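Respectively, the protein sequence lines represent chains D and H. All letters in the first sequence, in the order written, are residues 1 to 305 by our numbering. All letters in the second sequence, in the order written, are residues 1 to 305 by our numbering.
The set of hints was computed from the structure by calculation and includes no laboratory data. Heads up, a few of these hints could be off.
As the list makes no split between identical chains, a pair holds if one copy fits it or if it spans any two.
Claimed, not checked - Here are the simulated SDA-like pairs of lysine to any residue, each with C-alpha atoms no more than 20 Å apart in a straight line:
no., residue 1, residue 2
1, Lys-10, Leu-151
2, Lys-55, Gly-283
3, Lys-90, Gln-52
4, Lys-237, Leu-15
5, Lys-10, Asn-152
6, Lys-109, Asp-276
7, Lys-278, Thr-104
8, Lys-6, Asp-106
9, Lys-11, Lys-21
10, Lys-113, Pro-78
11, Lys-237, Gln-14
12, Lys-83, Gly-93
Note that this is a predicted model, so its numbers are computed, not measured.
There are 2 protein chains.
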Amino acid sequence: MATASKSTHKKAQQLGLAIPKGTLLAIGGKESKSQEERPDSQEENTKFISEQILKRFVKELYGKDPLVLVVPAASSEPEPVAKEYVKLFKELGIKRVEVVDIRTRDDAKDPEKIKQVDAAAGIMLTGGDQLRLTSILGGSPFLERLKERYLNEKLVVAGTSAGASAMSTNMIYRGEAQGGMLKDEMSSTAGLDLLKNVAIDTHFIDRGRIIRMAQAVAQNPGCIGIGLEEDTAILVKNGIEVEVVGSGLVTILDGMDISSTNIYEIESGDPFTIYDLKMHLLGDGKTYIIPAFNKEANAGAKSAA
Amino acid sequence: MATASKSTHKKAQQLGLAIPKGTLLAIGGKESKSQEERPDSQEENTKFISEQILKRFVKELYGKDPLVLVVPAASSEPEPVAKEYVKLFKELGIKRVEVVDIRTRDDAKDPEKIKQVDAAAGIMLTGGDQLRLTSILGGSPFLERLKERYLNEKLVVAGTSAGASAMSTNMIYRGEAQGGMLKDEMSSTAGLDLLKNVAIDTHFIDRGRIIRMAQAVAQNPGCIGIGLEEDTAILVKNGIEVEVVGSGLVTILDGMDISSTNIYEIESGDPFTIYDLKMHLLGDGKTYIIPAFNKEANAGAKSAA
Numbered sequence: 001m002a003t004a005s006k007s008t009h010k011k012a013q014q015l016g017l018a019i020p021k022g023t024l025l026a027i028g029g030k031e032s033k034s035q036e037e038r039p040d041s042q043e044e045n046t047k048f049i050s051e052q053i054l055k056r057f058v059k060e061l062y063g064k065d066p067l068v069l070v071v072p073a074a075s076s077e078p079e080p081v082a083k084e085y086v087k088l089f090k091e092l093g094i095k096r097v098e099v100v101d102i103r104t105r106d107d108a109k110d111p112e113k114i115k116q117v118d119a120a121a122g123i124m125l126t127g128g129d130q131l132r133l134t135s136i137l138g139g140s141p142f143l144e145r146l147k148e149r150y151l152n153e154k155l156v157v158a159g160t161s162a163g164a165s166a167m168s169t170n171m172i173y174r175g176e177a178q179g180g181m182l183k184d185e186m187s188s189t190a191g192l193d194l195l196k197n198v199a200i201d202t203h204f205i206d207r208g209r210i211i212r213m214a215q216a217v218a219q220n221p222g223c224i225g226i227g228l229e230e231d232t233a234i235l236v237k238n239g240i241e242v243e244v245v246g247s248g249l250v251t252i253l254d255g256m257d258i259s260s261t262n263i264y265e266i267e268s269g270d271p272f273t274i275y276d277l278k279m280h281l282l283g284d285g286k287t288y289i290i291p292a293f294n295k296e297a298n299a300g301a302k303s304a305a
Numbered sequence: 001m002a003t004a005s006k007s008t009h010k011k012a013q014q015l016g017l018a019i020p021k022g023t024l025l026a027i028g029g030k031e032s033k034s035q036e037e038r039p040d041s042q043e044e045n046t047k048f049i050s051e052q053i054l055k056r057f058v059k060e061l062y063g064k065d066p067l068v069l070v071v072p073a074a075s076s077e078p079e080p081v082a083k084e085y086v087k088l089f090k091e092l093g094i095k096r097v098e099v100v101d102i103r104t105r106d107d108a109k110d111p112e113k114i115k116q117v118d119a120a121a122g123i124m125l126t127g128g129d130q131l132r133l134t135s136i137l138g139g140s141p142f143l144e145r146l147k148e149r150y151l152n153e154k155l156v157v158a159g160t161s162a163g164a165s166a167m168s169t170n171m172i173y174r175g176e177a178q179g180g181m182l183k184d185e186m187s188s189t190a191g192l193d194l195l196k197n198v199a200i201d202t203h204f205i206d207r208g209r210i211i212r213m214a215q216a217v218a219q220n221p222g223c224i225g226i227g228l229e230e231d232t233a234i235l236v237k238n239g240i241e242v243e244v245v246g247s248g249l250v251t252i253l254d255g256m257d258i259s260s261t262n263i264y265e266i267e268s269g270d271p272f273t274i275y276d277l278k279m280h281l282l283g284d285g286k287t288y289i290i291p292a293f294n295k296e297a298n299a300g301a302k303s304a305a
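Looking at chain D on its own, in the form it has when it is part of the complex:
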């Protein structure tokens, strides 16, 4: 895996970007928001995360007999989702798997649940609705402890679908499939900000989401767009070092060199224009360094790829 140089890390610190000791795994997923939308999909959902990706999660766990937490807070039906993940992790040899059942903001203050975070080696945020996740976890003691441990210890935090989208700084939560080409035909808000200077989107190819991501990137090119195809994940170390894991492609939209856009001049509902958006398409094993304002890091990524 390509690593950022010491000067890159130093620069990140000068820009106030703490270098986390933990690892992130953001997975493109294949979970639907409701049973109505995709009947009978609940079971295949979780199974769709291939063994390759789940095995990588397990491999990254630190310590002997690691505890894995399943957090189905994004789901409107957390019980079957959680049950399936517990089964999958057990099959992969994890002996200690616990479910953290958070359905309200009060649940996210519960000291018992925070103790679970203290003891965990890995955490899996399941799919569902990313807006549910930020509404319930945003600013909560549960999230605070999770972030603190991710920054200062070797905690592995994985998220699939909504769980992956919510990890980034800017979180896209609405937009028509195969749409998003009109101004504001896409909605975003602040994500949980585990992965800085990034906007993650999932189910990227299947739901034709590249245009809505382009809109998000044009609004603020300080956030790189990372689109995850289903059965495809990114593993992130040191907050900026990205490695692709899985059968599909990862799409990266870099807006730093946009020469012109009318996104701020047009009316809501009008089609927008962007010149000179940069795109990378990366397959399994390929690496990338999130620029985070850093031209050096960009150059590093290119030479390493």
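Dock chain H against chain D, hints included.
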């Protein structure tokens, strides 16, 4: 001015929140997006920032014979706006005032403009359109240097109207006046993130924006909503210590204790419900500490207020 305790600062560091050495001044403003909207308002706009607020900006500047930069990048008509600010600062005794004319992303890479940032003691981001500001400055070398100096030196960064909105983590950029009560009848994206864990809104009372801010806060209570009335500003030190300056009120919406919301369950266009949003209304001289996930800091703010 109330200051956060040492333990608060330590906690912030554990959460990866760098403590900036610089100062922010976010002003509620009275600038309109276009001349069409409010004819003849361009001149009164800048004058509307009262002497009290501008004098405070000048007072906070560090060093002898400080250089002030006027950055009218948010405005579609930067020249008259810049001219007016130059005049105002000269009247307040500032001898060195320069305009940084950034109209494109290429301008935001210009080494000459970055040198201006290096030499500045204070920077004023004028009003206009906040989406223009993030589209043009987001991820640019100009913004990188500005942030680096704000974090590591005693730089004062002020913004009015759009310039204030763009400072925060989550940036609201669209919403009907006196509206915003329907899901997605409000749009936000990633701001320039100088002020962390906050969503700033301006012209707060005049344009009836409290409902759209409540929606933003419910989406992610990790960002505190700060609504600035016209002729009212917040001065922020150490990234979290807030002091109110000006003739109007500052509205703070704290969503950390929201007990229930349906924002993630309803359809786009439906009215939303939120229980237990906390509101503070603060007048001139009052202080507040941005919680940033920190219960200790909250307690500190209460005892200091």
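So, going through the hints one by one against the coordinates:
1. Taking the shortest Cα distances, Lys-10 and Leu-151 sit within 20 Å of each other both inside one copy (16 Å) and across copies (14 Å).
2. For the identical chains of this complex, Lys-55 and Gly-283 are intra-copy neighbours only, at 18 Å inside a copy versus 56 Å across copies, given an alpha-carbon limit of 20 Å.
3. Taking identical chains as interchangeable, the C-alpha atoms of Lys-90 and Gln-52 lie at most 20 Å apart only when both belong to the same chain, with a minimum of 15 Å there against 65 Å between chains.
4. For a Cα distance limit of 20 Å, the shortest separation of Lys-237 from Leu-15 qualifies both inside one copy, at 18 Å, and across copies, at 17 Å.
5. In this assembly of identical chains, Lys-10 and Asn-152 lie within 20 Å of each other by CA distance both inside one copy and across copies; the values are 17 Å within and 13 Å between.
6. For a Cα distance limit of 20 Å, the shortest separation of Lys-109 from Asp-276 across copies, 15 Å, qualifies, whereas the shortest one inside one copy, 45 Å, does not.
7. Within a single copy, Lys-278 and Thr-104 get their C-alpha atoms only as close as 40 Å, which misses the 20 Å cut-off; across copies the closest is 17 Å, which meets it.
8. For the homomeric pair Lys-6 and Asp-106, neither the shortest alpha-carbon distance inside one copy (42 Å) nor that between copies (28 Å) is at most 20 Å.
9. In this assembly of identical chains, Lys-11 and Lys-21 lie within 20 Å of each other by CA distance both inside one copy and across copies; the values are 17 Å within and 17 Å between.
10. Only within a single protomer do Lys-113 and Pro-78 lie at most 20 Å apart by alpha-carbon distance; the minimum there is 16 Å, versus 52 Å between protomers.
11. For the homomeric pair Lys-237 and Gln-14, the shortest alpha-carbon distances inside one copy (19 Å) and between copies (18 Å) are both at most 20 Å.
12. For the homomeric pair Lys-83 and Gly-93, the shortest alpha-carbon distance inside one copy (16 Å) is at most 20 Å, but the shortest distance between copies (69 Å) is not.
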